[in-house]
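Taken in order, these protein sequences are the chains called A and B. Count along the first sequence from 1, add 900, and you get the number used in this note's numbering. Count along the second sequence from 1, add 1265, and you get the number used in this note's numbering.
Bear in mind the hints are in silico, worked out from the structure with no lab data behind them. A portion of the hints provided could be inaccurate.
Partial chain B-side listing against chain A, Cβ under 10 Å, derived [what the hints assert, rightly or not]:
hint: 1; residue: Leu1310
hint: 2; residue: Cys1357
hint: 3; residue: Gln1371
Idealized CB from N, CA, C, for every residue including glycine.
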Amino acid sequence: AQSVTQPDIHITVSEGASLELRCNYSYGATPYLFWYVQSPGQGLQLLLKYFSGDTLVQGIKGFEAEFKRSQSSFNLRKPSVHWSDAAEYFCAVGAVFGNEKLTFGTGTRLTIIP
Amino acid sequence: DAGVIQSPRHEVTEMGQEVTLRCKPISGHDYLFWYRQTMMRGLELLIYFNNNVPIDDSGMPEDRFSAKMPNASFSTLKIQPSEPRDSAVYFCASKAATGTGSTDTQYFGPGTRLTVL
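With the hints as constraints, model all of the structure from the sequences given.
This is the structure:
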């Protein structure tokens, strides 16, 4: 069964500092990987996704993520955070064939301090 | 495009009452998903439909929960009778069927916050 672990429940970063959110997955083959962001009171918005090819994926709002098969990781990064990046971030893994399910991690809440 | 539309946005009800949550997916999308989000369990998939047909309902917690999709533009999630432990945010999401597996983006609605007293 597929699973996702986001080891950091809450991260606080100063505005302008760099950010890395961790995500580890468990899946029997090459997975499809996603990062979503949820602002308070809102639904989830896709930041970026990885299916195949280049392991460094660019997303919206200046975010990127790198797929590392050897570490079963898909960490999300941003070189310089803005106050508007404060939100909850979810990593998700999906199956390659035959199953439309996405399995989400428990999320990382990001707080930005001035 | 209006995106995925859910109603109501907030629902407060008393234990034992019937609750119906509604979802209108993005036009042209073939898949519709119902999720539940709680602090304790995070985001869980309850059920999903393909072309109005339920494909996987293994996440539906118990018989008190039922979901229908009578046509391509409307789905309901019903809880009868409701219990306090059903309090959560319920999300609907939809996606197109242009790829295989989970290749295509799921677009989420704003959610319905349900409180059962």
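Against the structure, the hints come out as follows:
no.	hint	result
1	Leu1310	holds, 6 Å
2	Cys1357	holds, 9 Å
3	Gln1371	holds, 6 Å
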